[in-house]
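Asks: So the chains spell out like this:
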Amino acid sequence: MSSNAKARMLKRAAADILSGMTVNLGIGLPTEVLQYVSPSTAVCLHSENGIAGVGQVSAPEKADRNLIDAGGAYVSIIPGTAFFDSAVSFAIVRSGRLDLSLLGAFQVASNGDLANWKIPGKFSPGMGGAIELAQKARRVGVIMMHTDSKGNPKILSQCSLPLTAKGHVNRIYTDMAVFDITAEGLCLREIADGTSLAELEALTSATFRVPNQDLPRF
Amino acid sequence: MSSNAKARMLKRAAADILSGMTVNLGIGLPTEVLQYVSPSTAVCLHSENGIAGVGQVSAPEKADRNLIDAGGAYVSIIPGTAFFDSAVSFAIVRSGRLDLSLLGAFQVASNGDLANWKIPGKFSPGMGGAIELAQKARRVGVIMMHTDSKGNPKILSQCSLPLTAKGHVNRIYTDMAVFDITAEGLCLREIADGTSLAELEALTSATFRVPNQDLPRF
Amino acid sequence: MPLPDKRSSIGEAISAIGDGASVMLGGFGVPGTPFCLIRELVRQGPRNLTVIKNDANEARMGVDWLLENGQVAKLVTSHIGLNPTAMRLMNEAAIEVEFVPQGILAERIRVAGAGMMGFVSDIGLGTAVEEGKQRVSVDGKPGLLETALRADFALVHANKADAFGNLYFSAAARNFNPLMAMAASRTIVEAEAIVPFGTLAPENVHLSGAFVDAVVELNELPEVYGVVQR
Amino acid sequence: MPLPDKRSSIGEAISAIGDGASVMLGGFGVPGTPFCLIRELVRQGPRNLTVIKNDANEARMGVDWLLENGQVAKLVTSHIGLNPTAMRLMNEAAIEVEFVPQGILAERIRVAGAGMMGFVSDIGLGTAVEEGKQRVSVDGKPGLLETALRADFALVHANKADAFGNLYFSAAARNFNPLMAMAASRTIVEAEAIVPFGTLAPENVHLSGAFVDAVVELNELPEVYGVVQR
Chain A
719 MSSNAKARML KRAAADILSG MTVNLGIGLP TEVLQYVSPS TAVCLHSENG IAGVGQVSAP
779 EKADRNLIDA GGAYVSIIPG TAFFDSAVSF AIVRSGRLDL SLLGAFQVAS NGDLANWKIP
839 GKFSPGMGGA IELAQKARRV GVIMMHTDSK GNPKILSQCS LPLTAKGHVN RIYTDMAVFD
899 ITAEGLCLRE IADGTSLAEL EALTSATFRV PNQDLPRF
Chain B
719 MSSNAKARML KRAAADILSG MTVNLGIGLP TEVLQYVSPS TAVCLHSENG IAGVGQVSAP
779 EKADRNLIDA GGAYVSIIPG TAFFDSAVSF AIVRSGRLDL SLLGAFQVAS NGDLANWKIP
839 GKFSPGMGGA IELAQKARRV GVIMMHTDSK GNPKILSQCS LPLTAKGHVN RIYTDMAVFD
899 ITAEGLCLRE IADGTSLAEL EALTSATFRV PNQDLPRF
Chain C
-5 MPLPDKRSSI GEAISAIGDG ASVMLGGFGV PGTPFCLIRE LVRQGPRNLT VIKNDANEAR
55 MGVDWLLENG QVAKLVTSHI GLNPTAMRLM NEAAIEVEFV PQGILAERIR VAGAGMMGFV
115 SDIGLGTAVE EGKQRVSVDG KPGLLETALR ADFALVHANK ADAFGNLYFS AAARNFNPLM
175 AMAASRTIVE AEAIVPFGTL APENVHLSGA FVDAVVELNE LPEVYGVVQR
Chain D
-5 MPLPDKRSSI GEAISAIGDG ASVMLGGFGV PGTPFCLIRE LVRQGPRNLT VIKNDANEAR
55 MGVDWLLENG QVAKLVTSHI GLNPTAMRLM NEAAIEVEFV PQGILAERIR VAGAGMMGFV
115 SDIGLGTAVE EGKQRVSVDG KPGLLETALR ADFALVHANK ADAFGNLYFS AAARNFNPLM
175 AMAASRTIVE AEAIVPFGTL APENVHLSGA FVDAVVELNE LPEVYGVVQR
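Chains as they are written, first to last, in my numbering: chain A, 719 to 936; chain B, 719 to 936; chain C, -5 to 224; chain D, -5 to 224.
The following block holds chain A by itself, in its conformation from the complex (with noise of 0.2 Å):
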């Protein structure tokens, strides 16, 4: 992925978080989105430790040894911070305070099924608060390079790996395009300047709706 085509998806991720929002940014790509969305959008940046209202990563010589994101970044605040316990925490997950989690995916289905925390035999650290992101965020999006370090597609008619949640993912941004998850299944929205269709659906291993107009390109 060109670091050109990474910034384009991270910018094209933060045009939909808009003002009056509650987010949630997931560790690596998800949090990275922060940096493209204007500052004068009114947000409250959620994080599961207990905190509404994150402000900026730390300079490490600034940085309050309390005072860590969910990631474990050094992180300050800003006027209108508050911190509360973890229950607190995700009673705004899971009351639907939360109007839009941005997550990292291993795996994504054309129904809306998400894996990203468990690759059995490899990779189980614990889920920590990723299903309840993933399951009662008001809108969940999912930020990802379009394949694995493999090349092989993450984007599936059906996740072979363990679920984080089952049908609740309502949009996904690749380094290629931009899918919405509905009704009708799988919905190309957008495509990455530079890609073509036909290189999209090689790539992927899921079908998709591809709409009558033309697509915009981001």
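No lab work stands behind these hints: they were computed from the structure.
Here the structure is a predicted model, which is why all the values come from computation and not from measurement.
Among the clues, some could well be false.
Listed below are the simulated DSS-like cross-link pairs for lysine-lysine, each with C-alpha atoms no more than 27 Å apart in a straight line [stated by the list, open to error]:
(1) C:K127 / B:K840
(2) D:K68 / C:K68
(3) D:K127 / A:K840
(4) C:K127 / B:K836
(5) A:K836 / D:K68
(6) A:K780 / D:K154
(7) A:K840 / A:K868
(8) C:K127 / B:K884
We have chain A; now place chains B, C and D onto it with these hints.
Replies: Quick look at chains B, C and D alone, frame taken from chain A:
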């Protein structure tokens, strides 16, 4: 009930409030017990509406409009008072952090059943917090006049009124006697000065064990 | 990145409440009761409401205004002994009253706010409280299923708020307010003061604005908020 | 009437923990982890412990000391990815690991602390999380019974405490600490400072001392509490 007998009952109940305890005192007689607890006794008073470390009743001109106890009396804080929400308040009750709950009663049965919240057709304002206080404190004490306003016994072999809690009362303080409810049933522990055993038996509608040794007087 | 601004006028905030809505009201006695929001609810007049509140206040106060104005179809509460109107309407079957033990009421609301479906407890086993409730055993011990209690709206009184809806409560005025704020589809707060962002220390925010939808500032506190003279 | 005084030495407080005990440890990463209490637990050496903690810390920190010292039989946790020792011992079946979704872990602990038996939620329906759990329907919707998670002991880190055990937590060091303090038969607190009664404003107490059994003051903070250099 002479004010003297009432004072002795209150004083006797106060003697069971020991340093180190967290205690909830119900409205009426239970709250009056407080004036007989030594000021040096280290006790945490709990109030259902979200206070641990309830202070003295406030003089009207010093009342804080936001600081009442569960009975609606304006109270004050002490060094170390804490406020919390109603869910936390009852977490204290249900999780067994109340060493003692003192309650009033319409009826108590020799098996520890308590009726203090409803008289069908006459009085049904709702149970408030009584059910949880009566069921979950480590020790549940009832303090009441030995007979009702018509002179009828309030200690019965079985309650006829709807129960507040089933089998949780440990001790009964009246103006005539102190009883424990034990695995062997109702046991007389102490008898008021000037009360005879015959009087007590006549005004108690349940059989009770009388210890062989001399009964302490209070 | 600023936080969203949720300030609203009282009229606009309350206008979302229509006939038949379920409405949670914070407060335990006077402290924490959102009298100004309730008064606006009386002024706008939606009917057939289900009101969820610890108590029914007293005569000529809060819930009593709604009862006297005939807006209440059902009251879910733990104790109404200080309100003769509520007792009378209940006895006349003019309103339905569902009594819930106080801590169970608090927890049913909290469980809703935490996005759960219900909880299991042994409170009330062997009493009339168990009537009509599903039995669920946990590790072989009998319990009762208590269902989550949600509402369309929560009306909440705070001492201080910021524009995002971070809340701070005074003394015993906290009671049901933060729980209800979590448990409603739309949470409307009246605050004695809206303070600038950052005035509330992040550790001392009692309820995150993530749960709040509208914040109304009270310009003055009517007498009903004061010490009750008996 | 003064409040009870629960101050204790660290050795005496931890000496109550014997072989086979279940022990909750506060903290999410470094913030809120009671490192000094854990170090004393290592020094005193009870074995066959069930440890309940959000995560397993990192190498040479907190939970890792207990694992390296062979004191842990079972770990109930949401994520251990930053601790290679924990991953290795799990893969060798030298310790049992029960993974619980983070918010379900928090809530199972809270529900225990609130004196309930369990709760019903739909989290994990259709995933491996539902394996072995009792199904309970609420209003016709399928749910899973999550049982209350109690422990014999909770070890908690607070920024400030008074002698009664009223606690104040810093920033994100709150996390599981107040929940665990509520859910154990005996709750032991280490505080960076024990402050005089009345120093903590009653509104700003994060956890009432009613839940606390022993308070230990830390004289100095070892380096492990500091910012992690990566």
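Asks: State for each hint whether it applies.
Replies: Hints and how they fare:
| no. | hint | in the structure |
| --- | --- | --- |
| 1 | C:K127 / B:K840 | holds, 26 Å |
| 2 | D:K68 / C:K68 | violated, 49 Å |
| 3 | D:K127 / A:K840 | holds, 26 Å |
| 4 | C:K127 / B:K836 | holds, 20 Å |
| 5 | A:K836 / D:K68 | holds, 20 Å |
| 6 | A:K780 / D:K154 | holds, 22 Å |
| 7 | A:K840 / A:K868 | holds, 16 Å |
| 8 | C:K127 / B:K884 | holds, 18 Å |
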